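Participant: If you read the sequences in order, they're chains A and B.
Residue 55 in numbering that gives the first Met the number 0 sits at position 56 of the first sequence; the count goes up by one each step and never skips.
Residue 299 in numbering that gives the first Met the number 0 sits at position 300 of the second sequence; the count goes up by one each step and never skips.
For the record, the hints were derived by calculation from the structure and aren't laboratory data.
Check before you lean on any hint, since a few could be wrong.
What the hints assert, rightly or not - Sample of chain A residues facing chain B (criterion: CB under 8 Å; computed from the structure):
#1 11
#2 15
#3 26
#4 64
#5 65
#6 90
#7 91
#8 92
#9 93
#10 100
#11 134
#12 135
What the hints assert, rightly or not - Where chain B lies over chain A, by a calculated footprint (3+ residues, C-beta under 8 Å):
#13 38-52
#14 66-73
From a predicted model like this one, the values you see are computed outputs, not experimental measurements.
By construction, the Cβ of each residue, glycine as well, lies at the ideal position given by its N, Cα and C atoms.
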Amino acid sequence: MNSPADRGPLRPKVEVQFDRPHRQHEPGDQLAVRYRVEGCDGERIRAIEHSVLWYTEGKGEEDLGVHFFQRVTDRSLMPPTVTAGAFSTPLPQSPLSYEGVIVKVRWCVRVRLFFEGSRDFVSEHVFAVGRIPPAHPLVSSTVSST
Amino acid sequence: MRLPRLFAKKRGHRRTGSREWGVVGDGLFHGTLLIAGLCFGGLLVSGVAAPEWRINHEFRESRATILAKGLARTTIADPPAKVISHWRPCLLVRYSANGVVRESWSQGPAAANTSDREVALQRLSGWKLGAETVCWYDPAAPETVVLQRGYNWWLWLLSLLLPGALVLIGGTGLVRGLRSWGKSEEHRAASAGFSEMLDPLAQPTLTAPGFPAVPVCDDLVNSPGTLLRYRLPIESPENWTLVGFGLFALLWNAVVVVLAVGAGLDLLGGRIDWWLFALLVPFLGVGIGGIVLFTRSLVFATAIGPTQLEISDHPLLPGGRYDVLLAQGGTGTFRTLTLTLELEEQATFRQGTDTRTEQVIVWSQSVAEFHGVCAATDSRFEARTVVELPVDAMHSFTSAHNAVRWRLVVRGIPERWPAFGRTFPVVVFPAGVAVPDPAVRPGVVQQGTQTHQVSP
Numbered sequence: 000m001n002s003p004a005d006r007g008p009l010r011p012k013v014e015v016q017f018d019r020p021h022r023q024h025e026p027g028d029q030l031a032v033r034y035r036v037e038g039c040d041g042e043r044i045r046a047i048e049h050s051v052l053w054y055t056e057g058k059g060e061e062d063l064g065v066h067f068f069q070r071v072t073d074r075s076l077m078p079p080t081v082t083a084g085a086f087s088t089p090l091p092q093s094p095l096s097y098e099g100v101i102v103k104v105r106w107c108v109r110v111r112l113f114f115e116g117s118r119d120f121v122s123e124h125v126f127a128v129g130r131i132p133p134a135h136p137l138v139s140s141t142v143s144s145t
Numbered sequence: 000m001r002l003p004r005l006f007a008k009k010r011g012h013r014r015t016g017s018r019e020w021g022v023v024g025d026g027l028f029h030g031t032l033l034i035a036g037l038c039f040g041g042l043l044v045s046g047v048a049a050p051e052w053r054i055n056h057e058f059r060e061s062r063a064t065i066l067a068k069g070l071a072r073t074t075i076a077d078p079p080a081k082v083i084s085h086w087r088p089c090l091l092v093r094y095s096a097n098g099v100v101r102e103s104w105s106q107g108p109a110a111a112n113t114s115d116r117e118v119a120l121q122r123l124s125g126w127k128l129g130a131e132t133v134c135w136y137d138p139a140a141p142e143t144v145v146l147q148r149g150y151n152w153w154l155w156l157l158s159l160l161l162p163g164a165l166v167l168i169g170g171t172g173l174v175r176g177l178r179s180w181g182k183s184e185e186h187r188a189a190s191a192g193f194s195e196m197l198d199p200l201a202q203p204t205l206t207a208p209g210f211p212a213v214p215v216c217d218d219l220v221n222s223p224g225t226l227l228r229y230r231l232p233i234e235s236p237e238n239w240t241l242v243g244f245g246l247f248a249l250l251w252n253a254v255v256v257v258l259a260v261g262a263g264l265d266l267l268g269g270r271i272d273w274w275l276f277a278l279l280v281p282f283l284g285v286g287i288g289g290i291v292l293f294t295r296s297l298v299f300a301t302a303i304g305p306t307q308l309e310i311s312d313h314p315l316l317p318g319g320r321y322d323v324l325l326a327q328g329g330t331g332t333f334r335t336l337t338l339t340l341e342l343e344e345q346a347t348f349r350q351g352t353d354t355r356t357e358q359v360i361v362w363s364q365s366v367a368e369f370h371g372v373c374a375a376t377d378s379r380f381e382a383r384t385v386v387e388l389p390v391d392a393m394h395s396f397t398s399a400h401n402a403v404r405w406r407l408v409v410r411g412i413p414e415r416w417p418a419f420g421r422t423f424p425v426v427v428f429p430a431g432v433a434v435p436d437p438a439v440r441p442g443v444v445q446q447g448t449q450t451h452q453v454s455p
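Build the full structure now, drawing on both the sequences and the hints.
Facilitator: Below, the structure written as structure tokens:
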């Protein structure tokens, strides 16, 4: 049997539950999230960060907008003492989730675990804000460079 | 301990550099600038500024008699076989320091150094042998005496400005790096305000208050229409092209004129520089081409006449219907004139050392089409129509590198000129929200990474 050092860094598991079915939310909704952390196997966690954010995906450089951010450093609120957590926030009016051709806007919840030492582990869970249908290319694109 | 990887996987298909190595490189770069600034500043202060300050503040005043005068020469080797000499006027003076009579060669200011011996001799002639004058000596080293005091302001400015800029750029870069060290991407974005203030290259985007990532439309509603509420501003990259052509033609032909004057003077002097003439011919060709291109663009830009669009409300909402007035001025006949509502995506990305911007039209709807349009100088062509946005339309979106933009485009094919297109940007807000009247909107939010709510 391999020792923990031989197995490499641990891969914890973060299970997230959204309060709405199909992770579909509307602008202005209250987003409530519950999560459970498993598989830390006694490795000490020094902080947990909760965030609700949007990011862009596609051809351009990634842009990021943090809507909600919370850093928990109280050890009595994190594993191994407590393995579950929750947070909630009202969603803003914009931006809405968008599946474009070269620009995509995605909303997600991230739970980031900071272990003793410098290692951290992030778990990302995408959800939708609004109901914008996906876009399709119509004409050839134009590129300009500087 | 494992070193961080040089490349990290980005979302999508591209590989990007490792953030850890990026921070290390950034830190090294800014640290080097800071150290260089401190060393350079230290050298300038200790070598130039501090001695000058001591002369003006710590040296004691006395009376001196000029006994002899001469030039002090400093030679600097200038390989391979040259030596540069600098000359400085020096005076042997007798003076009393701390009750003791001394004789010493005075040290003039560093700025008195000159590489021209004649100039140095001229400066020296201002001093008369046997004359009595004021001198200042160093109380710590009484043999050091000067006959002139004052500040060399450009040296002080140099010693503050150049090292100061290096220290400022290096220091702020290091502070920014240290502030973000060990922080997650989300944490950095949530507390980005101060870091962005330190980043001279950060370009904050303007967003509408209460609507993160939706651009402001203040610039689109500050011009009232003649029949409808707002006159939309035109987005015209052609005008910048015209300015570019004009500047190119001007500068290039200025060079041609300089060359031609040189060649003409040679001719008048009875000499013919064939190389100059050979160079002048292609230069002249390019110059004439530049003038033709500029004139053609100017005529094209002014001959078609102005296009105006007015709209009944702004910003727009998905599912909304808006009256639009299209007006085309100028003279002549247009075979077709069309008005189209378009949705364009724009992405900016780096490719090597280039920054590229790609635009794709992802939705387009013809609003109106006119055939055989006649415009005259005294009566412009006007047509009123209705623009309707889809109920499930995406709102306008803007961030540092990405944008989703709505626009109305007027395209025309004139009878005697090439086809043209003129773009009028509009802003669409998310559906089902109460949009405040732009006229009474309190202001805008400056955003680098959008609004955020931070809990303790």
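Participant: Would you list, in rising numerical order, the hints stated earlier that this structure does not obey?
Facilitator: 1, 2, 6
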